[in-house]
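Hey, can you work out the whole structure from these sequences and the hints?
Protein chains: 2
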Amino acid sequence: MTKQNEEELSAITRQVQHMGGLVELALDRSLVALLERDPVIAREVIDSDGEVDELENQIEEHCLEYLALRQPVARDLRLVCGVLKINSDLERMADLAVNVAERAEVLSRVPPLPFRPDVSRLAATAKRMLRDSLDALVRLDSVLAWRTWKADVEADKLYRELIGQAIQFMREHPDRIGDVMHLTGALRNLERLADHATNVAEDVIFVVQGRIVRHHMQELDEALAKSGEHP
Amino acid sequence: MTKQNEEELSAITRQVQHMGGLVELALDRSLVALLERDPVIAREVIDSDGEVDELENQIEEHCLEYLALRQPVARDLRLVCGVLKINSDLERMADLAVNVAERAEVLSRVPPLPFRPDVSRLAATAKRMLRDSLDALVRLDSVLAWRTWKADVEADKLYRELIGQAIQFMREHPDRIGDVMHLTGALRNLERLADHATNVAEDVIFVVQGRIVRHHMQELDEALAKSGEHP
Numbered sequence: 000m001t002k003q004n005e006e007e008l009s010a011i012t013r014q015v016q017h018m019g020g021l022v023e024l025a026l027d028r029s030l031v032a033l034l035e036r037d038p039v040i041a042r043e044v045i046d047s048d049g050e051v052d053e054l055e056n057q058i059e060e061h062c063l064e065y066l067a068l069r070q071p072v073a074r075d076l077r078l079v080c081g082v083l084k085i086n087s088d089l090e091r092m093a094d095l096a097v098n099v100a101e102r103a104e105v106l107s108r109v110p111p112l113p114f115r116p117d118v119s120r121l122a123a124t125a126k127r128m129l130r131d132s133l134d135a136l137v138r139l140d141s142v143l144a145w146r147t148w149k150a151d152v153e154a155d156k157l158y159r160e161l162i163g164q165a166i167q168f169m170r171e172h173p174d175r176i177g178d179v180m181h182l183t184g185a186l187r188n189l190e191r192l193a194d195h196a197t198n199v200a201e202d203v204i205f206v207v208q209g210r211i212v213r214h215h216m217q218e219l220d221e222a223l224a225k226s227g228e229h230p
Numbered sequence: 000m001t002k003q004n005e006e007e008l009s010a011i012t013r014q015v016q017h018m019g020g021l022v023e024l025a026l027d028r029s030l031v032a033l034l035e036r037d038p039v040i041a042r043e044v045i046d047s048d049g050e051v052d053e054l055e056n057q058i059e060e061h062c063l064e065y066l067a068l069r070q071p072v073a074r075d076l077r078l079v080c081g082v083l084k085i086n087s088d089l090e091r092m093a094d095l096a097v098n099v100a101e102r103a104e105v106l107s108r109v110p111p112l113p114f115r116p117d118v119s120r121l122a123a124t125a126k127r128m129l130r131d132s133l134d135a136l137v138r139l140d141s142v143l144a145w146r147t148w149k150a151d152v153e154a155d156k157l158y159r160e161l162i163g164q165a166i167q168f169m170r171e172h173p174d175r176i177g178d179v180m181h182l183t184g185a186l187r188n189l190e191r192l193a194d195h196a197t198n199v200a201e202d203v204i205f206v207v208q209g210r211i212v213r214h215h216m217q218e219l220d221e222a223l224a225k226s227g228e229h230p
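Just so you know, the protein sequences line up as chains A and B, in that order.
First residue of the first sequence? That's 0 in numbering that gives the first Met the number 0, and the numbers climb one at a time after it.
First residue of the second sequence? That's 0 in numbering that gives the first Met the number 0, and the numbers climb one at a time after it.
Be aware that one or more of the hints could be misleading.
All copies of an identical chain are treated as equivalent in the list; a pair is satisfied when it fits inside any one copy or across any two copies.
Said to hold, decoys possible - Quick list of in silico lysine to aspartate or glutamate cross-link-like pairs, EDC-like style, CA-CA up to 20 Å:
| id | residue 1 | residue 2 |
| --- | --- | --- |
| 1 | Lys149 | Glu160 |
| 2 | Lys84 | Glu53 |
| 3 | Lys2 | Glu64 |
| 4 | Lys84 | Glu60 |
| 5 | Lys156 | Glu64 |
| 6 | Lys84 | Asp94 |
| 7 | Lys2 | Asp75 |
| 8 | Lys149 | Asp94 |
| 9 | Lys225 | Glu160 |
| 10 | Lys126 | Glu101 |
| 11 | Lys225 | Asp48 |
| 12 | Lys84 | Glu23 |
| 13 | Lys126 | Asp94 |
| 14 | Lys84 | Asp52 |
| 15 | Lys156 | Glu101 |
| 16 | Lys156 | Asp94 |
| 17 | Lys126 | Asp194 |
Bear in mind the hints are in silico, worked out from the structure with no lab data behind them.
So this is what it looks like as structure tokens:
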């Protein structure tokens with residue numbers, strides 16, 4: 000790889016990292032809006048989405064330019080194609096954070112719910128997965144990507160618990176069902192954020208190892224557990 | 000474009016069409032399972048997902064091979080990169096159909112709900128959007144892609160109506176909240192299917208016109224409405 004190619008690829012990766020940082024910030028702020036019932040912060044998150052959208056377009060253009068001008072092969076080609084897909088995932092994650100903020104905005108206008116599920120824990124799991132998946136991309140670290148992928152089990156379990164609690168609360172307070180549905184909507188968006196982080200992790204493993212592990216992670220994971228090997 | 004390149008590109012597009020056909024079939028069958036409370040059909044849909052997964056991997060490998068060996072530029076490059084993203088969208092659409100089938104399986108085991116929202120209409124909208132977006136890809140037809148994108152307004156409106164009805168029903172039947180939550184889950188998955196079809200449509204417009212319209216569709220649409228022009 001020439002020095003110029005290398006520099007361009009790191010510029011692309013840095014843009015992706017920057018986008019990840021924006022998503023993380025949106026997620027943090029949407030959670031504050033939700034927990035503190037703050038419509039102003041919610042609105043800020045909603046209005047700031049344009050920055051991520053523009054960045055997504057820039058990254059895509061950057062990738063296509065690189066493909067057209069540098070015509071990479073092997074790992075560099077996989078990296079650029081991986082970034083094209085990771086870019087979409089990050090943009091959808093930002094949309095999910097915005098959706099959490101929209102739910103927060105609605106909920107700030109109704110009387111406080113006496114039901115307080117542990118949203119922060121689910122959000123923290125999603126955020127850690129987002130950060131780990133992008134660290135894995137920057138460091139081309141398939142072991143970290145693998146760990147990120149595995150953490151989704153935890154997010155799913157937590158989500159199911161919280162939904163169970165919400166159903167119980169709705170049964171006891173049918174008059175608040177409409178409001179709780181906004182809260183479960185926020186929970187679902189956090190769980191989907193974690194799902195997107197697993198997509199990123201799968202793409203990182205493909206970039207590093209050159210094999211598409213998607214749809215085969217479960218069996219590979221079981222085989223590794225038996226053999227005691229690392230991915 | 001050489002004849003060989005052309006043939007390879009149509010082979011890739013045909014694979015995408017085939018995958019779209021599988022998604023459509025899964026969607027149809029999951030709806031039958033849901034409406035007819037048929038756990039056997041639901042299970043068939045769930046078990047058939049592996050075929051789409053394999054096809055996704057094949058299409059991705061095919062695209063990367065094409066990029067590495069043919070080093071396309073301009074529209075061919077956009078087409079291959081567009082397919083890489085459309086491929087992911089289609090696989091997620093198949094997952095959503097599977098999720099509808101999973102909800103159908105659960106609901107087939109509980110007493111029938113007296114609540115019968117118009118799921119078929121939402122499913123029909125999502126299916127038409129899926130089909131139109133892939134027809135637009137095959138014919139490189141940005142007008143059809145544009146129409147697909149616009150149809151999402153209808154899907155969103157329908158979804159909101161149905162959720163409103165579900166909330167009303169839950170208020171009156173708190174003992175069935177857990178079951179209705181599975182039904183609203185199925186509705187949400189259909190609405191997300193339509194969302195993915197708009198992503199495909201945006202990618203088709205990019206392939207054809209060479210401009211990233213994503214995040215600018217609304218303003219472009221308004222400008223076009225004013226000028227009376229076609230996209």
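Quick rundown of the hints versus the structure:
1. Lys149 to Glu160: Intra 18 Å, inter 37 Å, cutoff 20 Å: intra-copy only.
2. Lys84 to Glu53: Answer is both: 16 Å inside a copy and 18 Å across each meet the 20 Å cutoff.
3. Lys2 to Glu64: within (17 Å within a copy, 25 Å between copies)
4. Lys84 to Glu60: both (13 Å within a copy, 14 Å between copies)
5. Lys156 to Glu64: neither (42 Å within a copy, 38 Å between copies)
6. Lys84 to Asp94: This pair counts as both: shortest intra-copy Cα distance 16 Å, inter-copy 17 Å.
7. Lys2 to Asp75: Result: close within a single copy only, 13 Å intra versus 28 Å inter.
8. Lys149 to Asp94: between (24 Å within a copy, 19 Å between copies)
9. Lys225 to Glu160: neither (29 Å within a copy, 50 Å between copies)
10. Lys126 to Glu101: within (19 Å within a copy, 28 Å between copies)
11. Lys225 to Asp48: Answer is neither; intra-copy 44 Å and inter-copy 26 Å both fail.
12. Lys84 to Glu23: Close inside one copy (18 Å), not across copies (23 Å); limit 20 Å.
13. Lys126 to Asp94: within (14 Å within a copy, 23 Å between copies)
14. Lys84 to Asp52: Cα proximity of Lys84 and Asp52: in one copy and across copies (14 Å, 16 Å).
15. Lys156 to Glu101: Answer is between; shortest inter-copy Cα gap is 17 Å, intra-copy 25 Å.
16. Lys156 to Asp94: Result: close only across copies, 19 Å inter versus 23 Å intra.
17. Lys126 to Asp194: within (11 Å within a copy, 24 Å between copies)
In terms of the numbered hints stated before, the structure departs from hints 5, 9, 11, listed from lowest to highest.
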